[in-house]
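*Asks:* One letter stands for each residue in the lines below.
2 protein chains.
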Amino acid sequence: MRRLDSSTKGFAEAFDVLVNDRRETDSDVSSIVEQTIRNVRARGDVTLLEMTRRFDGFDLNKEGWQVDASTCRAAFDGLAPDLRDALNLAAKRIEAYHKAQLPKDRDYTDKAGVRLGARWSAVDAAGVYVPGGRAAYPSSVLMNAIPAKVAGVERLVMVTPTPGGEVNPTVMAAAHLAGVDEIWRVGGAQAIAALAYGTDRIRPVDVITGPGNAWVAEAKRQLYGVVGIDMVAGPSEIVVVADAKNKAEWIAADLLSQAEHDPTSQSILFTDNAAFADKVALAVDAQIAGLATGAVAKQSWSANGAIIVVKNLEDAMPLVNRLAAEHLELAVDDDRAEALFDLVRHAGSVFLGRMTPEAIGDYIAGPNHVLPTGRRARFSSGLSVLDFMKRTSFIALDAQSIKAIGPAAATLADAEGLPAHAASVRKRL
Amino acid sequence: MRRLDSSTKGFAEAFDVLVNDRRETDSDVSSIVEQTIRNVRARGDVTLLEMTRRFDGFDLNKEGWQVDASTCRAAFDGLAPDLRDALNLAAKRIEAYHKAQLPKDRDYTDKAGVRLGARWSAVDAAGVYVPGGRAAYPSSVLMNAIPAKVAGVERLVMVTPTPGGEVNPTVMAAAHLAGVDEIWRVGGAQAIAALAYGTDRIRPVDVITGPGNAWVAEAKRQLYGVVGIDMVAGPSEIVVVADAKNKAEWIAADLLSQAEHDPTSQSILFTDNAAFADKVALAVDAQIAGLATGAVAKQSWSANGAIIVVKNLEDAMPLVNRLAAEHLELAVDDDRAEALFDLVRHAGSVFLGRMTPEAIGDYIAGPNHVLPTGRRARFSSGLSVLDFMKRTSFIALDAQSIKAIGPAAATLADAEGLPAHAASVRKRL
Chain A
1 MRRLDSSTKG FAEAFDVLVN DRRETDSDVS SIVEQTIRNV RARGDVTLLE
51 MTRRFDGFDL NKEGWQVDAS TCRAAFDGLA PDLRDALNLA AKRIEAYHKA
101 QLPKDRDYTD KAGVRLGARW SAVDAAGVYV PGGRAAYPSS VLMNAIPAKV
151 AGVERLVMVT PTPGGEVNPT VMAAAHLAGV DEIWRVGGAQ AIAALAYGTD
201 RIRPVDVITG PGNAWVAEAK RQLYGVVGID MVAGPSEIVV VADAKNKAEW
251 IAADLLSQAE HDPTSQSILF TDNAAFADKV ALAVDAQIAG LATGAVAKQS
301 WSANGAIIVV KNLEDAMPLV NRLAAEHLEL AVDDDRAEAL FDLVRHAGSV
351 FLGRMTPEAI GDYIAGPNHV LPTGRRARFS SGLSVLDFMK RTSFIALDAQ
401 SIKAIGPAAA TLADAEGLPA HAASVRKRL
Chain B
1 MRRLDSSTKG FAEAFDVLVN DRRETDSDVS SIVEQTIRNV RARGDVTLLE
51 MTRRFDGFDL NKEGWQVDAS TCRAAFDGLA PDLRDALNLA AKRIEAYHKA
101 QLPKDRDYTD KAGVRLGARW SAVDAAGVYV PGGRAAYPSS VLMNAIPAKV
151 AGVERLVMVT PTPGGEVNPT VMAAAHLAGV DEIWRVGGAQ AIAALAYGTD
201 RIRPVDVITG PGNAWVAEAK RQLYGVVGID MVAGPSEIVV VADAKNKAEW
251 IAADLLSQAE HDPTSQSILF TDNAAFADKV ALAVDAQIAG LATGAVAKQS
301 WSANGAIIVV KNLEDAMPLV NRLAAEHLEL AVDDDRAEAL FDLVRHAGSV
351 FLGRMTPEAI GDYIAGPNHV LPTGRRARFS SGLSVLDFMK RTSFIALDAQ
401 SIKAIGPAAA TLADAEGLPA HAASVRKRL
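Protein chains in written order, with the numbering used here: chain A, 1 to 429; chain B, 1 to 429.
One copy or two, it doesn't matter: identical chains are merged, so the pair holds either way.
No farther apart than 27 angstroms at their CA atoms in a straight line, the calculated lysine-lysine pairs in the BS3-like style are these:
no., residue 1, residue 2
1, Lys279, Lys245
2, Lys111, Lys92
3, Lys111, Lys403
4, Lys9, Lys311
5, Lys104, Lys92
6, Lys149, Lys104
7, Lys403, Lys427
8, Lys247, Lys279
9, Lys298, Lys245
10, Lys111, Lys427
11, Lys279, Lys311
12, Lys279, Lys298
13, Lys149, Lys92
14, Lys403, Lys99
15, Lys245, Lys427
16, Lys9, Lys279
17, Lys149, Lys99
18, Lys427, Lys279
Keep in mind the hints are simulated off the structure, nothing from the lab.
Build the full structure now, drawing on both the sequences and the hints.
*Replies:* In structure tokens:
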């Protein structure tokens, strides 16, 4: 954990290092992924079969390529009642929040008599990647699948590796609840390539979302343009802005809730009180010792954690904006949280006040937990129904309105040296 | 030009070829662009200086790195009055259409007492690429720059090559009108890399939009994630759906207005009348002969043009949807255009009725002319203010509402094996 103080010499340089530290492995996945995509395009299901045997250790032809709907329903029915209730509540709240995101069509006629507008429509088919193993999270299934269904996607396809042939029942229960239409037991870059280009068995989709390892992320990046993707995702992060009136152990838990995800995760605390900073640091160490995820959390906190003491929290906000964090907690009194929020320019999601730990947003609040990481909140947004929709603009002129605006179009076409453009207008004048 | 008839044997296969024909050169630009990006990151302005000398044939240090505001204002003042009026009208109409796109913030408290919402904000800085030479279009400057300014972008940077040191006055006039803040005389992949990573002279931006050649497009694709980009753009296309009541020479002009852009452009006509198809084909040939852009239009029409005769126009719409064209004209009576439009699932922009040639949308109507190409209208939309904005979601709980939804969050965290997540909630219950 780095400890910085904004009043000390060299702070600006140390903070720059923190901002520019990408935590992303620039390893040589790019060419491997390129080759995998080429293989899937050329050999389709044969490549999926071979790679699944090699990496997941089972035979798709023997154990089945798909998980069927009845298996998912049975998984849902078999959940412990409190978990089923929790998933139901989460699904309802996520659905309600995303329904309110649905964009409105426009259709109007302006003063020149020109009818203009835009219509929104869903993509035909979307694919959701769900990681296998340790990172197989039912909450991710809900957060990716529900916005697609709310958008109106007719065919929602899930791909997920099932290492050793093991199907994760909680993930399948979530797929049932979210209304996923097809589930294929393939993972990795090969699953992304199959969704993008299609194979004999798997029909292609138009948009691919969902988290994954470096190979999955690189495959999505390389196939952006062939299909739509949600975003380029990197390691997760949280920035907590907290005054000394907080309970140190609450704030420590919040920092650890990010750190326990992965060794590359990052947790940063800004506070205006050095004694409080000490208390939180102690509480983090104390809590790590008791966590089942303590080893991962410790790695993350040691390598990437930071506590930054500032003169006052308002001063911290320009620094917070430079970090453009995925998650930002403003753990202060409600009115001050509001004032600090007004100073936020870049953040994926903001958690206001002392009673809003970030984990509430991961599971149950309603807004999407798929959020821009690695300073990408400067230019991108969390997942929404818009990622599964597209807008078609439209224009309608008549004999009158083309007289009003047509001549200017022809003049501009002349200036750009495009005579057929000009002619297509002038012939109608 | 291909001539197809939907009632003949082999039509399905021939149409498949048309749909899957990408017209995009899979040439080896990728590794060259990769190297250029590396060079700009490592050597910054020195690389820009060297590449500009080599490719554009002038010395940035001697002739100036930037075009200053007074030059742009002078260019605007020096325009022929009808061209200045046309640019002014275009700018006003584009601004009006895009202002109406501005998204609304949300802020509400639901039944559980949870405050939820989302705030939209502009990116800090955006870069617009404007090609040099033949494709230096003032209309592109307006279509890229005005939405950025309407979104609220404070720093709008234009990069454009000035081959031989020649500055295009109409482009500079458009930059003045659109409120561009900085103009750098650099182009190619190196200009995109400079905008993404910054150099000593050029500060980095958050989003890069604008058309360019294969190197520029590939640089944007490779840097997607480092910055936001508008889209992966390919050759332009138009689909015209027209009955026999149209004047053949109007429809021919519409087809040619696409074909004259570039040899890789594509123009496709669907009609329900073989005799009308013949007339249009003849009119195209006749008009090509008289066009200053005839050589390009001829290449495009010969290699990529198509006329498809269908039984009735309603039957054509599933085929039209498979093409998911950038531009779609429905040149039929107004009520039938409306009915056909209701059958459109995928198109960048639709032009309704006989009096709406596509060129109106290129210049003056108001909707953006930067539209998805190469079947990408299946999943993406034209440029809008949203491309220069991002959404920050927010959540606020209090002591009551965390009791309502907190326990479910903790249950889900337990199920996912994330104890610090659960603890951060339970400590507050």
